[in-house]
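Here is how the chains run, residue by residue.
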Amino acid sequence: MKSCVGSTWCRYGVQDSVAMAIAVELRYRGLRAPHKIKMAVSGCARECAEAMGKDVGVIATEKGWNLYVCGNGGQRPRHAVLFAEDLDDAELIRCIDRFLMFYIRTADRLERTASWFEKLEGGIDFLRAVVIHDSLGIGDELEADMQRHVESYECEWKATVDDPERLKRFVSFVNAPDQPDPDIVMVQERGQVRPARADEKHELVTVGPHPNEEIAVAVEVRTR
Amino acid sequence: MTMIDDRSTGVDHADGEPWVEVCRVDDLVAGRGVCALVDGRQVAIFLLHDGSLHALDNRDPFSDANVLSRGLTGTAGDTPTVASPVYKQRFDLRTGTCIDDSSVRVPVHPVRAVDGIVSVRAG
Ligand code: SF4
Numbered sequence: 001m002k003s004c005v006g007s008t009w010c011r012y013g014v015q016d017s018v019a020m021a022i023a024v025e026l027r028y029r030g031l032r033a034p035h036k037i038k039m040a041v042s043g044c045a046r047e048c049a050e051a052m053g054k055d056v057g058v059i060a061t062e063k064g065w066n067l068y069v070c071g072n073g074g075q076r077p078r079h080a081v082l083f084a085e086d087l088d089d090a091e092l093i094r095c096i097d098r099f100l101m102f103y104i105r106t107a108d109r110l111e112r113t114a115s116w117f118e119k120l121e122g123g124i125d126f127l128r129a130v131v132i133h134d135s136l137g138i139g140d141e142l143e144a145d146m147q148r149h150v151e152s153y154e155c156e157w158k159a160t161v162d163d164p165e166r167l168k169r170f171v172s173f174v175n176a177p178d179q180p181d182p183d184i185v186m187v188q189e190r191g192q193v194r195p196a197r198a199d200e201k202h203e204l205v206t207v208g209p210h211p212n213e214e215i216a217v218a219v220e221v222r223t224r
Numbered sequence: 001m002t003m004i005d006d007r008s009t010g011v012d013h014a015d016g017e018p019w020v021e022v023c024r025v026d027d028l029v030a031g032r033g034v035c036a037l038v039d040g041r042q043v044a045i046f047l048l049h050d051g052s053l054h055a056l057d058n059r060d061p062f063s064d065a066n067v068l069s070r071g072l073t074g075t076a077g078d079t080p081t082v083a084s085p086v087y088k089q090r091f092d093l094r095t096g097t098c099i100d101d102s103s104v105r106v107p108v109h110p111v112r113a114v115d116g117i118v119s120v121r122a123g
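Line by line, the protein sequences give chains A and B.
Quick note on numbering: the working numbering labels position 184 of the first sequence as 184, and the sequence is numbered without any gaps.
Quick note on numbering: the working numbering labels position 11 of the second sequence as 11, and the sequence is numbered without any gaps.
Derived by calculation from the structure, the hints in this document are not laboratory data.
Since the structure is predicted, the reported quantities are computational estimates derived from the model, not experimental observations.
The reader is advised that the hints may include incorrect statements.
Unchecked claim - Pairs of lysine-lysine residues, derived as DSS-like cross-links and limited to a Cα-Cα distance of at most 27 Å, are as follows:
1. A:36 - A:2
2. A:119 - A:36
3. B:88 - A:38
4. A:168 - A:38
5. A:2 - A:63
6. A:36 - A:201
7. B:88 - A:36
8. A:63 - A:38
9. A:201 - B:88
10. A:158 - A:2
11. B:88 - A:168
12. A:168 - A:158
Said to hold, decoys possible - Just so you have them, the derived chain A footprint on chain B, three or more residues with Cβ under 8 Å:
13. 23 to 36
14. 60 to 70
Said to hold, decoys possible - Each pair of labels, with its calculated beta carbon distance range:
15. B:75 - A:11: 34 to 40 Å
16. B:105 - A:183: 16 to 22 Å
17. A:119 - B:76: 42 to 48 Å
18. B:105 - A:136: 33 to 39 Å
19. B:103 - A:179: 41 to 47 Å
20. A:50 - B:74: 32 to 38 Å
21. A:135 - B:26: 36 to 42 Å
22. A:150 - B:40: 44 to 50 Å
23. A:79 - B:117: 57 to 63 Å
24. A:9 - B:107: 56 to 62 Å
25. B:72 - A:9: 21 to 27 Å
For glycine and all other residues, C-beta sits at the position ideal for the given N, C-alpha and C.
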């Protein structure tokens, strides 16, 4: 999720893009999908958040929000398509709920929204019919699916750190859980640690555990 | 490959290498790997959803890191594979041969489960 600074800090802003970006991020975080999903919210038509290059792009208008879908950056850039105009907050979320769930249900594995959309028979009109006019009669189902996701969300990192059973999977050796991998050797670069290259390793000696014992034995001293 | 609780596949100290008990079957999660330290050698052990066990060296020859036990398991056709988490090359879990570069092979080791205990023989 990317946002511009919006009406809070920008004189051109016509909506609070930061608040909307946070709300959308919190709603869809952790969602399981065929591929990654990128989103952005811009606070006015100047589009500083580049929402039209995202799977889901939201651009503020005087009256509400314009929703763009199926954009992409990277190697094959594609501008997102204008899906609906001047939505209020609730309408916007409902459209995104249905759109994302319809994509998740019908796309191939590892298929981004842009390539999914290119293959979609009937294109944007069909997509609008399904999402806005519920032409397939699955609107409630799609929304219920998304609601289930929202309610069952947990931070998997935190849940793992809090669960001794799950933490067991993070030991280096199943039969020697207290022993770190002796082969992990770290060096400093730009004030950060990174694994030493093979040609660096023989110049290094182990000096003891890294302050973050979860990571590894870190090495910071060169012998010559 | 060894099926769980298949006692017929291993004889203690066959080929001069002893079976080394490394963990319980219950310590394994189907579809994932663990790493065991066997005489200083790092062995990646996988339990697949069909109940089969596989063991190969933990070292990924492409990245020179001990990470194969952390790889994603999957299939290439009918071949069970693990993909290195670093540069994503896949290895045949039964032979250790790299699917994406057949000139590269990772050593594989006999592995078995008897009475719920997983053992490997890694020379
Ligand atoms: S998109 Fe509009 S509101 Fe957001 S920073 Fe740019 S000019 Fe300001």
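Hints, verified against the model:
Restraint check for residue 36 of chain A and residue 2 of chain A: satisfied, since their Cα atoms lie roughly 14 Å apart, inside the 27 Å limit. Distance restraint check for residue 119 of chain A and residue 36 of chain A: the Cα-Cα separation of roughly 18 Å lies within the 27 Å cut-off, and the hinted pair is therefore satisfied. This hinted pair checks out: residue 88 of chain B and residue 38 of chain A have alpha carbons roughly 23 Å apart, not beyond 27 Å. For the suggested pair residue 168 of chain A and residue 38 of chain A, the alpha carbons sit about 32 Å apart, so the restraint of at most 27 Å is broken.
About 21 Å separates the Cα atoms of residue 2 of chain A and residue 63 of chain A, which keeps this hinted pair within 27 Å; it holds. Distance hint between residue 36 of chain A and residue 201 of chain A is unfulfilled; the C-alpha atoms sit about 36 Å from each other, more than 27 Å. Taking the CA atoms of residue 88 of chain B and residue 36 of chain A, the gap is about 18 Å. The hint holds against a cut of 27 Å. For the hint pairing residue 63 of chain A with residue 38 of chain A, the CA-to-CA distance comes to about 24 Å; that is within 27 Å, so the pair holds.
Among the hinted pairs, residue 201 of chain A with residue 88 of chain B is consistent with the structure: their alpha-carbon atoms are about 24 Å apart, no more than 27 Å. A C-alpha spacing of about 23 Å is found between residue 158 of chain A and residue 2 of chain A, which places the hinted pair at or below 27 Å, so the restraint holds. The suggested pairing of residue 88 of chain B with residue 168 of chain A holds, with an alpha-carbon distance near 24 Å, which does not exceed 27 Å. Distance restraint check for residue 168 of chain A and residue 158 of chain A: the Cα-Cα separation of roughly 14 Å lies within the 27 Å cut-off, and the hinted pair is therefore satisfied.
Given as covered by chain A, the stretch 23 to 36 of chain B passes the check, having 7 residues with a CB less than 8 Å from a CB of that chain where 3 are the minimum. For the stretch 60 to 70 of chain B, the stated coverage by chain A holds: 3 residues have a C-beta nearer than 8 Å to a C-beta of that chain, and at least 3 were required. Judged by the Cβ atoms, the range 34 to 40 Å given for residue 75 of chain B and residue 11 of chain A is violated: they are separated by roughly 57 Å. Take residue 105 of chain B and residue 183 of chain A: their Cβ atoms lie about 20 Å apart, and the range 16 to 22 Å holds.
For residue 119 of chain A and residue 76 of chain B, the hinted distance range of 42 to 48 Å is not satisfied, since their beta carbons lie about 25 Å from each other. Judged by the Cβ atoms, the range 33 to 39 Å given for residue 105 of chain B and residue 136 of chain A is violated: they are separated by roughly 50 Å. Evaluation of the 41 to 47 Å hint for residue 103 of chain B and residue 179 of chain A yields a failure: the beta carbon distance comes to about 33 Å. The given range of 32 to 38 Å is respected by residue 50 of chain A and residue 74 of chain B, whose C-beta atoms sit roughly 34 Å from each other.
Restraint check, residue 135 of chain A to residue 26 of chain B: a C-beta distance of roughly 50 Å breaks the suggested window 36 to 42 Å. A hinted range of 44 to 50 Å holds for the C-beta pair residue 150 of chain A and residue 40 of chain B, which are about 49 Å apart. Checked against the given bound of 57 to 63 Å, the beta carbons of residue 79 of chain A and residue 117 of chain B, roughly 59 Å apart, stay inside it. Taking 56 to 62 Å as the suggested C-beta distance range, the pair residue 9 of chain A and residue 107 of chain B conforms, at roughly 59 Å.
Checked against the hint of 21 to 27 Å, the pair residue 72 of chain B and residue 9 of chain A fails, with Cβ atoms roughly 42 Å apart.
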